[in-house]
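Produce the complete structure using the sequences and hints provided.
Top line first, the protein sequences correspond to chains A and B.
Sequential numbering from 1 applies to the first sequence in the working numbering.
Sequential numbering from 113 applies to the second sequence in the working numbering.
A few of these clues could be false.
Below, in silico cross-link-like pairs of lysine-lysine (PhoX-like), each with a Cα-Cα straight-line distance of 20 Å or less [stated by the list, open to error]:
hint, chain 1, residue 1, chain 2, residue 2
1, B, LYS208, A, LYS94
2, A, LYS52, B, LYS208
3, B, LYS148, B, LYS134
4, A, LYS77, A, LYS56
5, A, LYS68, A, LYS94
6, A, LYS77, A, LYS94
Ranges of calculated distance between the beta carbons of each label pair, as one might list FRET restraints [as the list claims (entries may be wrong)]:
hint, chain 1, residue 1, chain 2, residue 2, range
7, A, GLU69, B, VAL167, 30 to 36 Å
8, A, LEU46, B, ARG121, 18 to 24 Å
9, A, LEU46, B, SER150, 36 to 42 Å
No wet-lab data here; the hints were simulated from the structure.
Predicted, not measured: the structure shown is a model, and the values here were computed from it.
Yeah, the Cβ is synthetic: ideal placement off N, Cα and C, and Gly gets one too.
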Amino acid sequence: GNSVTQMEGPVTLSEEAFLTINCTYTATGYPSLFWYVQYPGEGLQLLLKATKADDKGSNKGFEATYRKETTSFHLEKGSVQVSDSAVYFCALSKNTGNQFYFGTGTSLTVIP
Amino acid sequence: ETGVTQTPRHLVMGMTNKKSLKCEQHLGHNAMYWYKQSAKKPLELMFVYSLEERVENNSVPSRFSPECPNSSHLFLHLHTLQPEDSALYLCASSQKGGGGYEQYFGPGTRLTVT
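In C-alpha cells:
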C-alpha cells in the first residue's frame, strides 16, 4: 500500500541550528511528494513539493530532494529561526485517485 | 476572501445536538476534502468530493454527513456525536483529485463534544 513514515518528534533546536526531518515513503509507481507546515491554531500550509525523481523542492530556506533510490524526501534547513516552530507533515499523492497520504507530523520548537 | 475558509472556528456541542460545519474555497478548484485531526494521531481523511460527487468515504460513522452543493462549498453535518469525535476538522481543496496537485487547507474548526 501507500504510506509515509516520518521521524518522531518533538525536535528542539537552538536558533541558527541545522534542521533535518526524515521522511520515507512506500508507494507503487511515481508519486508526488510534499511537505506541509502547521503553525499553532492554523490549518496546514504547503511548504514545498516535488513531482518526480531528483526534483528538489524549496521554499523559505527549506529544501527537500525526491530520492527514488532511497524512497526518501527529507526536509532540511540550514539555519532555523524561532518563527519556524511548527508541526511539519510529509505527504504523498498518487497520480491517480484522490487520496493524499500524510505522515504523523513532527513537532519542531526553536529556542532563542 | 481568498483561499479556503471555514466556519465556525470553534464549536462546543452536546451529544444530542445537531450542527453543521461550513467550508468555502475561492480558488476555482473542483475537488474538496474533509479531514479529522486528533492529538497524536495521523491526519484522517473522512470524505472526498470531486466535481461535486462523493468519490471516497473511508468508513466514517453515519453521525457525520457531508454535503457538497457546488464546487465551492462543502458542509459537514453533525448529529449525536460522541466525546471521541472532539478534534480539529480541516477542509481542503485541490485543482482536481490526485494527479500530484497540492491540497490547500482551511484553518479548521476546533470541535469539542461534551
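Status of each hint after checking the structure:
The hinted pair formed by LYS208(B) and LYS94(A) meets the criterion: a straight-line CA distance of about 12 Å does not exceed 20 Å. At most 20 Å may separate the alpha-carbon atoms for a hinted pair to count; LYS52(A) and LYS208(B) meet this at roughly 19 Å. Only pairs whose Cα atoms come within 20 Å are accepted, and LYS148(B) paired with LYS134(B) is accepted, the gap being roughly 14 Å. Between LYS77(A) and LYS56(A), the direct Cα distance comes to roughly 13 Å. Compliance with the 20 Å bound is thereby established for this hinted pair.
Proximity of LYS68(A) to LYS94(A) is assessed by CA-CA distance (about 14 Å); at most 20 Å being required, the pair is judged to hold. For a cut-off of 20 Å, the pair hint linking LYS77(A) to LYS94(A) is broken: about 26 Å separates their Cα positions. A beta carbon spacing of about 33 Å between GLU69(A) and VAL167(B) agrees with the range 30 to 36 Å that was offered as a hint. About 21 Å separates the C-beta atoms of LEU46(A) and ARG121(B), a value consistent with the hinted range of 18 to 24 Å.
The hint said 36 to 42 Å for the Cβ distance between LEU46(A) and SER150(B), and at roughly 22 Å that hint is violated.
Hint compliance for this structure: hints 6, 9 are broken, all remaining hints hold.
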